[in-house]
Amino acid sequence: ETGVTQTPRHLVMGMTNKKSLKCEQHLGHNAMYWYKQSAKKPLELMFVYSLEERVENNSVPSRFSPECPNSSHLFLHLHTLQPEDSALYLCASSQDPSGGAGETQYFGPGTRLLVL
Amino acid sequence: AQKITQTQPGMFVQEKEAVTLDCTYDTSDQSYGLFWYKQPSSGEMIFLIYQGSYDEQNATEGRYSLNFQKARKSANLVISASQLGDSAMYFCAMREGTSGTYKYIFGTGTRLKVLA
Numbered sequence: 082e083t084g085v086t087q088t089p090r091h092l093v094m095g096m097t098n099k100k101s102l103k104c105e106q107h108l109g110h111n112a113m114y115w116y117k118q119s120a121k122k123p124l125e126l127m128f129v130y131s132l133e134e135r136v137e138n139n140s141v142p143s144r145f146s147p148e149c150p151n152s153s154h155l156f157l158h159l160h161t162l163q164p165e166d167s168a169l170y171l172c173a174s175s176q177d178p179s180g181g182a183g184e185t186q187y188f189g190p191g192t193r194l195l196v197l
Numbered sequence: 211a212q213k214i215t216q217t218q219p220g221m222f223v224q225e226k227e228a229v230t231l232d233c234t235y236d237t238s239d240q241s242y243g244l245f246w247y248k249q250p251s252s253g254e255m256i257f258l259i260y261q262g263s264y265d266e267q268n269a270t271e272g273r274y275s276l277n278f279q280k281a282r283k284s285a286n287l288v289i290s291a292s293q294l295g296d297s298a299m300y301f302c303a304m305r306e307g308t309s310g311t312y313k314y315i316f317g318t319g320t321r322l323k324v325l326a
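Protein chains in written order, with our numbering: chain A, 82 to 197; chain B, 211 to 326.
No wet-lab data here; the hints were simulated from the structure. There could be a bad hint or two in this list.
Keeping only pairs whose Cα atoms sit at most 30 Å apart, straight-line, the calculated BS3-like set for lysine-lysine is [unchecked claim]:
| # | chain 1 | residue 1 | chain 2 | residue 2 |
| --- | --- | --- | --- | --- |
| 1 | B | K323 | B | K213 |
| 2 | A | K103 | B | K313 |
| 3 | B | K323 | B | K283 |
| 4 | B | K280 | B | K226 |
| 5 | B | K313 | B | K280 |
| 6 | A | K122 | B | K283 |
| 7 | B | K280 | A | K122 |
| 8 | B | K283 | B | K313 |
| 9 | B | K213 | A | K122 |
| 10 | A | K121 | B | K323 |
| 11 | A | K100 | A | K117 |
| 12 | A | K121 | B | K213 |
| 13 | B | K213 | B | K283 |
| 14 | A | K100 | B | K280 |
| 15 | B | K213 | B | K313 |
| 16 | A | K103 | A | K121 |
| 17 | B | K313 | B | K226 |
| 18 | B | K313 | A | K100 |
| 19 | A | K117 | B | K226 |
| 20 | A | K117 | A | K103 |
| 21 | A | K121 | A | K100 |
| 22 | A | K122 | A | K99 |
| 23 | A | K103 | B | K283 |
| 24 | A | K117 | B | K213 |
| 25 | A | K103 | A | K122 |
| 26 | A | K99 | A | K121 |
| 27 | A | K117 | A | K99 |
| 28 | A | K100 | B | K226 |
| 29 | B | K283 | A | K121 |
| 30 | B | K226 | B | K283 |
| 31 | B | K280 | A | K121 |
| 32 | A | K122 | B | K323 |
| 33 | A | K117 | B | K313 |
| 34 | B | K323 | B | K280 |
| 35 | B | K226 | A | K121 |
| 36 | B | K280 | B | K213 |
| 37 | A | K122 | A | K100 |
So here's chain B without its partners, still in its complex pose:
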């Protein structure tokens, strides 16, 4: 079974609109971390936002927010006021395990295209 599932291989959004990228995860750990990364065509993975499993509030970083629904095991990324520069691949990732035995698992990604 996949640990990180991103069901949207591709998404389109109009410039200045908001968009939600879906991510569900599967773990039996109580302590884990969830991440979103952006990968432009240049290849570099750019860290966007982090959510800890014990964090009670949804993480926010500028135009990015993470809609964390622990019971549903979902960690959707919301990008508000989309910009043309937001066009890229977006990866959801999870860190599980304990210190010294951490595993980082990535989803297959969602390709976002922002339309002018």
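Bound-form chain A, shown alone:
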């Protein structure tokens, strides 16, 4: 596979469930990102990992827990979510977070999450 892949593409979960979103990039990039996209709102950056170290956490509730075991994989662990967490969750990767055109982010297709 090429590019950035995300699984599952769709997820329905109850508020007491625990689930995980998976992202994999096949581009040899060294930075990965999680975004949340809600209806009629700008894309919200949730987490940034650079060289497998978390470098950004934009005050995301602790019910979202990221994990980056290596530069190709990124997970978002979900537990005790709320209905307002329903959104499209997008993963992205970039080659070099140090600036220039190299930090262009390439996105996966997203996971559409519905919390009941």
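Guided by the hints, dock chain B onto chain A, whose structure is given.
This is chain B only, laid out in the frame that chain A set:
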């Protein structure tokens, strides 16, 4: 104050015509990057074009060009010879900050509909 402003929630364009999607930004950084992404109904964010704040020439990528007016802090996307497949949401984004502290900010998007 919004960092990225896209004032056109929706646009129509006739097939084969050119269309301009507006984007203004707000930053006090000297070094920053501007991006345009396309999001079809499938959800994936597709990178279109990048403009660095120090680039003197407007970026071009095939039918896409970025009209960069630094003094006005605008970075409009021009799509020439529109095609039906161009119908999608278009997002303007900005990267500001320094290495290790980058922030990526997205606008609310413009929905483009190409008419046959």
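Hints versus structure:
1. B:K323 with B:K213: Holds. B:K323 to B:K213 sits at ~25 Å (cutoff 30 Å).
2. A:K103 with B:K313: Given pair A:K103, B:K313 holds - Cα atoms ~23 Å apart, limit 30 Å.
3. B:K323 with B:K283: 26 Å, holds
4. B:K280 with B:K226: 29 Å, holds
5. B:K313 with B:K280: This hinted pair holds, its Cα atoms lying about 20 Å apart.
6. A:K122 with B:K283: 22 Å, holds
7. B:K280 with A:K122: 26 Å, holds
8. B:K283 with B:K313: Answer holds: B:K283 to B:K313 is near 18 Å, not above 30 Å.
9. B:K213 with A:K122: The hint holds at about 13 Å.
10. A:K121 with B:K323: The hint holds at about 17 Å.
11. A:K100 with A:K117: The given pair, whose Cα atoms are some 16 Å apart, holds under the 30 Å limit.
12. A:K121 with B:K213: 16 Å, holds
13. B:K213 with B:K283: 11 Å, holds
14. A:K100 with B:K280: Violated: A:K100 and B:K280 sit about 45 Å apart, past 30 Å.
15. B:K213 with B:K313: Distance ~11 Å between B:K213 and B:K313 Cα, so the pair holds.
16. A:K103 with A:K121: Between A:K103 and A:K121 the Cα gap is close to 25 Å, so the pair holds against 30 Å.
17. B:K313 with B:K226: Cα-Cα ~36 Å, so violated.
18. B:K313 with A:K100: 28 Å, holds
19. A:K117 with B:K226: Distance of about 34 Å is beyond 30 Å: violated.
20. A:K117 with A:K103: Judged against 30 Å, a Cα distance of about 14 Å means the pair holds.
21. A:K121 with A:K100: 25 Å, holds
22. A:K122 with A:K99: 26 Å, holds
23. A:K103 with B:K283: Violated, at about 37 Å.
24. A:K117 with B:K213: 18 Å, holds
25. A:K103 with A:K122: Holds, at roughly 23 Å.
26. A:K99 with A:K121: 27 Å, holds
27. A:K117 with A:K99: 18 Å, holds
28. A:K100 with B:K226: 45 Å, violated
29. B:K283 with A:K121: Roughly 24 Å between the alpha carbons, so the hint for B:K283 and A:K121 holds.
30. B:K226 with B:K283: Holds, at roughly 29 Å.
31. B:K280 with A:K121: OK: B:K280 and A:K121 at ~28 Å, within 30 Å.
32. A:K122 with B:K323: Holds, at roughly 20 Å.
33. A:K117 with B:K313: 14 Å, holds
34. B:K323 with B:K280: 28 Å, holds
35. B:K226 with A:K121: At roughly 29 Å apart (the allowed maximum being 30 Å), A:K121 and B:K226 satisfy the hint.
36. B:K280 with B:K213: Since the Cα atoms of B:K280 and B:K213 sit roughly 15 Å apart, the hinted pair holds (cutoff 30 Å).
37. A:K122 with A:K100: 24 Å, holds
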